[in-house]
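Colleague: Residue strings, one per chain:
Protein chains: 2
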Amino acid sequence: MTALHTDLYEIRMAVSYLRRGMTEPATFSLFARDLPHDRGFLVCAGLADCLDFLARFHFDDDELDYLREELGLGERDLEALARLCFEGDVWAVPEGHVVFANEPLIEVTASLPQAQLVETTLLNFLTFQTAVATKAARCRIAADGAELVDFSARRTHGVHAAFAAARVSAMVGFAGTSHVAAASRFGLRPVGTMAHSYVEAFPSERAAFRAFAEDFPDATVFLVDTYDTVNGVRTAADLAKTLHLPSARVGVRLDSGDLDALSRVTRKILDDAGLPEARIMASGGLDEHAILRLVRAGAPIDSYGVGTKMGVSADAPSLDTAYKLVEYAGRPVMKTSPGKATLPGAKQVYRNGSAGPDVLTRRAEQAPHDSLPLLVPVMRAGERVGSGHEFADARARFEHDLAWLPEAAKRLRVPEPVGVQRSAQLDELAERTAKAFRSREAAGWR
Amino acid sequence: MTALHTDLYEIRMAVSYLRRGMTEPATFSLFARDLPHDRGFLVCAGLADCLDFLARFHFDDDELDYLREELGLGERDLEALARLCFEGDVWAVPEGHVVFANEPLIEVTASLPQAQLVETTLLNFLTFQTAVATKAARCRIAADGAELVDFSARRTHGVHAAFAAARVSAMVGFAGTSHVAAASRFGLRPVGTMAHSYVEAFPSERAAFRAFAEDFPDATVFLVDTYDTVNGVRTAADLAKTLHLPSARVGVRLDSGDLDALSRVTRKILDDAGLPEARIMASGGLDEHAILRLVRAGAPIDSYGVGTKMGVSADAPSLDTAYKLVEYAGRPVMKTSPGKATLPGAKQVYRNGSAGPDVLTRRAEQAPHDSLPLLVPVMRAGERVGSGHEFADARARFEHDLAWLPEAAKRLRVPEPVGVQRSAQLDELAERTAKAFRSREAAGWR
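These protein sequence lines are chains A and B, in that order.
First residue of the first sequence: 2, per the numbering used here; consecutive thereafter.
First residue of the second sequence: 2, per the numbering used here; consecutive thereafter.
A few of these clues could be false.
Since the list can't tell identical chains apart, any single copy or any two copies may satisfy a pair.
Said to hold, decoys possible - Under the rule of at most 20 Å between Cα atoms (straight-line distance), these lysine to aspartate or glutamate pairs were calculated in the EDC-like manner:
id, residue 1, residue 2
1, Lys341, Asp261
2, Lys341, Asp428
3, Lys242, Asp219
4, Lys411, Asp316
5, Lys341, Glu432
6, Lys341, Asp229
7, Lys411, Asp288
8, Lys436, Asp316
9, Lys341, Asp288
10, Lys436, Asp229
11, Lys411, Asp145
12, Lys242, Asp90
13, Lys341, Glu278
14, Lys341, Asp259
15, Lys269, Asp229
16, Lys341, Asp66
17, Lys341, Glu429
Simulated from the structure, these hints should not be mistaken for lab results.
Required output: the full structure, derived from the provided sequences and hints.
Modeller: Okay, here's the thing in structure tokens:
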């Protein structure tokens, strides 16, 4: 990850700013304009990667050579780019918090070229990780206490996404991940059973199950649907008895078919075999809606393996995020294009302990009664500051916010987000900024 | 990218295979079970990353330490894993080719533990890159000759995905990418204009446009919708005249509003200003359907910047891919679970020069009349083989297949895929394999 991981226009603009000495402080605000369909909230994620990126931000020599040759930048431009690192201040909503549309996830104040150049990467990390964390949180809500594990590594959008999906799903309460490298990197619980190929590589299902039980007596989860699911469960139960496997260490995984009906048949077979503690895991194209149906039906499933649909946030694989200049050189600025207008100035979001709406204010405004600010300083002059950067802190914030979130906002279909009100001071600033802009334009400023 | 980038169950299975000496050759076949909704074809992509991964496949010491401590693997297991590298044979459909459901994208033949361990990563790379390439190809079809550029870097799922989206969109005919690092790595044309923040950082739109034209006289594309689009176009046209910018080097970008209506007004303003060669670029939430509407309406748009919806393949962010064992130790194998049954044995796909259906055969079958094989050897004993690995080759294959693809398969809504027939020999093998399995089960093989 280098400074070249950016859109060309960021570099063009930065070069233009540098040539003109436009290096006064600029504040950019990153937020989602709208919540995706059927989303009542977002779970902030991606900040850790953003801070790593900002801390290391620079152009290396190869990159500068590329810019010289490909874009025809001059030596003075390149010298100015070579000197750049990120020396700005960052306020952000820490990972794990729940937010709504129009609430800033991050605000960057830095010399205009610096703040401009980091746009693409900040948008990328925060958008996709927040989308995936939100999807995983919806699975958590649907599961109603049942165990969830991340099975998404095989169909996320590449390596970086696989790591992030494992991490953010754990942040919202998933118990583990199948992705070994992610488990290793983030200290998560690695989870895994067997694949159909294992069963097929042996001359019979029974031979495969026996071998697996011998090799992994402490965690023996049999995949039972390679040939005939009910037969598979009977074979697993019979072997568990024959080999005297401890009931609590045995499980079966159902990966196809009518999971509700099959889980009931499976439970009965396991109970009848004297394996009341043997666990039933379900997987195969699950998302929050499928989990909710199974939970509501009372299917006796102990653990859900959630893969692709969570890992790509299948029904909302992106968010309508924006990174907008809100102040430059002490002057508040705003876009006025219809449907995409923005609010000027650095901001804060205050949340009341009750379930009232959040309040979007100017950064320096006094806190409304009984309210706490969501945005906190996370970087000052390019150095990380503050506490709460630990993964455990992010988990705790999500648990807190999940408990706070009203049922109507947690609904998986047609939810009612808590919403956000603008403070009078913010409205006043917006009006004043628009008016100042109109009078400059009317005066034909050139 | 290391061997630990895999699901835990792959490691459990590999360990079990190694302990039991189950290291005879296994063949796995990777294919999409179905095409996503409204897809009439898929464009193969991701093979280059897969071959890089296979060529470097190994567990390093830190990873083995993790497996020792976290999974409690014994020293003999770890020694066996430490010795593993990928020494197998790979056949694949080269990147850029069009394929359909049930046609293998890749087939791996290797010692069972090796072939098993690479599953997660091969599925990941081929699934998401093929999904994104297919989405980009649909934009290409919709654009009907208009220029397309990739603007997706800010909302792809992470860094790896951003690089891949730039590359695979270029493979299917995109003219360039905004992502500078990807342009640099893959030799693509970097494309970029200015953002709204640039316009806002200056005291007026006119001042911003003037500065940009001074700094980038060779490629001056003005973003005109920060405040009022039509005013913005007038300002751009006026400045182009005032500064004597060459008409062919000037453009405007429309990023919001009714792009059809605005592009017509814009064209007229530019033409009236004596700028007939000035180009109009459109962007902002575009996908193949939006592009098709604009093209069909005759909107005078020269270039489309396609971002998020292409880069995440928004309506089909994953494919229903599977990596299935089809042969082990010379014995064809298959899954028989309802709805997820698989076909045994190594395969080939033959395509007829006319638009008849493809034929799915056993690997060693003779080619049907006038047909060419889609799968070719790309790795032998762990070493890359064959030609056609160059990016230009992938582009040429896509152009060829796009010309071959029937109109009905290219339709963006309710398409008719070309489809694939099974050869008699393959059907016969499937029947024989199922029968052999049933008789082993009936004999109560233990």
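Colleague: Does each hint hold? Answer for all of them.
Modeller: Hints, verified against the model:
Only between protomers do Lys341 and Asp261 lie at most 20 Å apart by alpha-carbon distance; the minimum there is 18 Å, versus 45 Å within a single protomer. Taking CA atoms no more than 20 Å apart as the test, Lys341 paired with Asp428 passes inside one copy only; the shortest distance there is 16 Å, against 57 Å between copies. When the C-alpha separation of Lys242 and Asp219 is checked against a cutoff of 20 Å, the pair qualifies only within one copy, where the shortest distance is 15 Å, while the shortest distance between copies is 78 Å. In this assembly of identical chains, the alpha carbons of Lys411 and Asp316 lie at most 20 Å apart only when taken from the same copy (16 Å versus 24 Å across copies).
With identical chains, the CA atoms of Lys341 and Glu432 are at most 20 Å apart within one copy only, with a shortest distance of 16 Å there and 60 Å across copies. Within a single copy, Lys341 and Asp229 get their C-alpha atoms only as close as 55 Å, which misses the 20 Å cut-off; across copies the closest is 11 Å, which meets it. With identical chains, the CA atoms of Lys411 and Asp288 are at most 20 Å apart within one copy only, with a shortest distance of 15 Å there and 30 Å across copies. Taking the shortest alpha-carbon separations for Lys436 and Asp316, neither the intra-copy value of 40 Å nor the inter-copy value of 41 Å comes in at or below 20 Å.
Only between protomers do Lys341 and Asp288 lie at most 20 Å apart by alpha-carbon distance; the minimum there is 19 Å, versus 32 Å within a single protomer. With identical chains, the CA atoms of Lys436 and Asp229 are at most 20 Å apart between copies only, with a shortest distance of 15 Å across copies and 72 Å within one. In this assembly of identical chains, the alpha carbons of Lys411 and Asp145 lie at most 20 Å apart only when taken from the same copy (12 Å versus 44 Å across copies). For the homomeric pair Lys242 and Asp90, neither the shortest alpha-carbon distance inside one copy (63 Å) nor that between copies (41 Å) is at most 20 Å.
Within a single copy, Lys341 and Glu278 get their C-alpha atoms no closer than 56 Å, and across copies no closer than 29 Å, so neither meets the 20 Å cut-off. Proximity of Lys341 to Asp259 under the C-alpha cut-off of 20 Å is restricted to the inter-copy arrangement: shortest distance 13 Å between copies versus 45 Å within a copy. Proximity of Lys269 to Asp229 under the C-alpha cut-off of 20 Å is restricted to the intra-copy arrangement: shortest distance 17 Å within a copy versus 68 Å between copies. Taking the shortest alpha-carbon separations for Lys341 and Asp66, neither the intra-copy value of 37 Å nor the inter-copy value of 52 Å comes in at or below 20 Å.
Taking the shortest alpha-carbon separations for Lys341 and Glu429, only the intra-copy value of 19 Å comes in at or below 20 Å, while the best inter-copy value is 61 Å.
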